[in-house]
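We have chain X; now place chain Y onto it with these hints.
Going line by line, the protein sequences match chains X and Y.
If you're matching positions, the first sequence starts at 1 in this note's numbering and goes up one per residue.
If you're matching positions, the second sequence starts at 1001 in this note's numbering and goes up one per residue.
Hint data in this document are derived by calculation from the structure and do not stem from the laboratory.
One should not assume that every hint holds.
In the DMTMM-like style, the derived pairs of lysine to aspartate or glutamate whose C-alpha atoms are separated by at most 25 angstroms in a straight line are [to be verified]: (1) Y:Lys-1411 - X:Asp-147; (2) X:Lys-154 - Y:Glu-1443; (3) X:Lys-110 - Y:Glu-1443; (4) X:Lys-71 - Y:Glu-1432; (5) Y:Lys-1176 - Y:Glu-1061; (6) X:Lys-185 - X:Glu-240; (7) X:Lys-76 - Y:Glu-1417; (8) X:Lys-154 - Y:Glu-1417; (9) X:Lys-154 - X:Asp-176.
Just so we're clear, the structure is a prediction, and the values are computed from it rather than from any experiment.
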Amino acid sequence: MNIMSTLTIKNLHVTLEAKPILNGINLILPQGKTHVIMGPNGSGKSTLGNTILRHPSCKIARGTIAFGKNKLSSMKTDEIARAGVLLALQHPQAVSGVSVTNLLTIAIRKFSVKRKDFKMAHFRNDIKETAKALHIQDEFLSRSLNDGFSGGEKKKMEILQLSLLPAKCVIIDEIDSGLDIDALKLVAKQITKLRARGVSIIIITHYNRILRWIKADRVHILHKGKIIKSGTQALAKDIEKNGYSDYI
Amino acid sequence: MKTQTQAPIGEQTKDGGATAIPDRFLYRAKKGITREVVEEISTIKNEPAWMRELRLKSFEEFMRLPVPTWGPDLSGLHFDEITYYQRTEEGRYKSWDDVPADIKNTFEKIGVPQAERAFLAGVIGQYESEGFYQKLRPKWEDKGVIFCDTDTAVQKYPELVKEYFMTKCVKTSEHKLAALHGAVWSGGSFLYVPNGVHVDMPLQTYFRMNARASGQFEHTLIIVDEGASVQYIEGCTAPMYNTSSLHAAVVEIFVKKGARCRYTTIQNWSKDVYNLNTKRSIVEEDGIQEWVGGSMGSKTTMLYPCSILQGRGARAEHLNIAVAGPGQHKDTGAKVIHLAPQTSSTVISKSISFGGGISTYRGQLKIVKGAKGATSHVQCDALMPDNISVSNTVPYITVDEEDVTIGHEAKIGRISEEQVFYLMSRGLTEEEAINLVVQGFMEPVIKTLPLEYAVELNRLIQLEMEGSLG
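For reference, chain X alone in the conformation it holds in the complex (with noise of 0.2 angstroms):
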């Protein structure tokens, strides 16, 4: 985490099965600040999250991602993982037959090659202790993965990965959908403490509710493809109360 690392979107256009979805995305996110991105539904905001993280569907037309020194948008998805930049998915995928704990022993080992401090028996205990921070109980843990959880379940599942995995930038793709206000808060904590751990954040989210919780440092508003502006955390209150109408 030493190293810092700034998250830099130019000019992006991206299409999804041959329709343009991003128009021109311009952003800026420094090393450890939290940004939200808000807008109305089919506004672009999974795609932007998607694009990041380069899912084959998401086609960059125009323009460039960098994250430091690494060139994101001429990367591959897992080397982007591997990098730092880490996304929580709007509908993660049930694995049948592979639990969170399989899956997080797998994928720490890519990230930790290099580290010789690192101790199995430790990251799973830090997994145990994560797991319990957000209230999921043991039987989640070994479990396949996602399979028959409740929307709720699956989001938590989202937040313990990112929390588990060395992330220096990660991307929180409506997470706030289909939890209940308890639920919400223990998943606020968790990325209250990625953020004071110097991890930067993107939330794309509908609503103002988790930014009770969780202090940005900047909002902003995206429309058919394109930030359409930005502001501090009283812009995302102000959308709570008159809605979107406003500004698009």
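Coordinates of chain Y only, in the frame set by chain X:
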């Protein structure tokens, strides 16, 4: 009588972990099957008259019975081009140190001695047609457990073998391959567990078929007496050759009252082998038969382990995974016959087809009138990572009793782009992501295997699928 035939040196191959090594034969029967060949086998083995008669009767049935046509295409199988018997080593070895170096190397490559040292109670290795190395930890010998190759059992335990060998479980007259087996069988394991003895470590054997166009007809006979329990593990691998080879094994298991048997087999035949087996268990009152199978390699496999639930409360669990790659046809499944009340069965069959491979689940469930309270659940899951492979499900269900509970589920899954993206977004490469999905799919089978078999099966499947995806 005995002649030494030095066959050509086998090529080294890179075929899924199966490595060819030089052939070494003390005796090899001439190609094709005749009455003389059958008699010769019996003579060489110095068999008692009853076994010789069984062979000859089987040979007549073989000549009379037709090649089965209800399953995969067997037209590439030419019975006249197969060598039915060959013998590699004069005696058998009780200690690993006595085993010749080239054979030892092969076994070391496939991990037998390590396996044995680690936790296996006994080992019978089958190199070509006869078990050449056997050992049973004295602990079990003292309790009366018998574990030896079936040829030895014919000589040493004739009463047991005569009573159970192809008399009441698999009969020689059943079909052409059972009849062929009866005529030319050689090797295999004989396992007897006396009343109330629980063998708490798995007993294992590792089969290997090495010579070109050789047949392998091992006969495994397992008798688990009342209240006893055992786990038997069999692994098979064969190197790559061009001429089609035939493997036609028979496994007969008797699970007596309150007894339990788990039969686990991992097969990795070379891709030219016709793997046509008959495996059956007769389960008495409150007995439990578990079948765990991993079917890798081979050109064509037909394998439907069968449980005959004869006594009240008898139970069968079938767990199978079949992998069909390019040019391969896996026709596998399970047969369960409920003959008594309160019998229960579970079948979980998993298949992976890729690169144009064909896998078919062929299952039979039969519940007779009077088998009140019988329950059966069949689950077939197929995984197909591409669009050129084939997966079929062919269940035959006959239920003549009303008071039963049965369920049948069949699912076909693909490895989706979203799933791969999800796993890659956690830092796994595309290949690792796909492997993990495949491993997860197999997990219900893998978790029942001892660790090193689990590792081996995972590795074999990865090797098979390497380069075929993406």
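Status of the hints after comparison with the structure:
About 15 angstroms separates the Cα atoms of Lys-1411 (chain Y) and Asp-147 (chain X), which keeps this hinted pair within 25 angstroms; it holds. About 21 angstroms separates the Cα atoms of Lys-154 (chain X) and Glu-1443 (chain Y), which keeps this hinted pair within 25 angstroms; it holds. Note on Lys-110 (chain X) and Glu-1443 (chain Y): the hinted pairing holds, with a Cα-Cα distance of about 22 angstroms set against a maximum of 25 angstroms. Distance check on the hinted pair: Lys-71 (chain X) and Glu-1432 (chain Y) sit about 23 angstroms apart at the alpha-carbon level, within 25 angstroms; holds.
Our distance criterion of 25 angstroms between C-alpha atoms is met by Lys-1176 (chain Y) and Glu-1061 (chain Y), whose separation comes to about 7 angstroms. Proposed proximity of Lys-185 (chain X) and Glu-240 (chain X) is supported: the alpha carbons are some 19 angstroms apart, at most 25 angstroms. Proposed proximity of Lys-76 (chain X) and Glu-1417 (chain Y) is supported: the alpha carbons are some 14 angstroms apart, at most 25 angstroms. Only pairs whose Cα atoms come within 25 angstroms are accepted, and Lys-154 (chain X) paired with Glu-1417 (chain Y) is accepted, the gap being roughly 19 angstroms.
Of the supplied pair hints, the one linking Lys-154 (chain X) and Asp-176 (chain X) holds, its CA atoms being roughly 11 angstroms apart against a limit of 25 angstroms.
In summary, the structure agrees with every hint in the numbered list given earlier.
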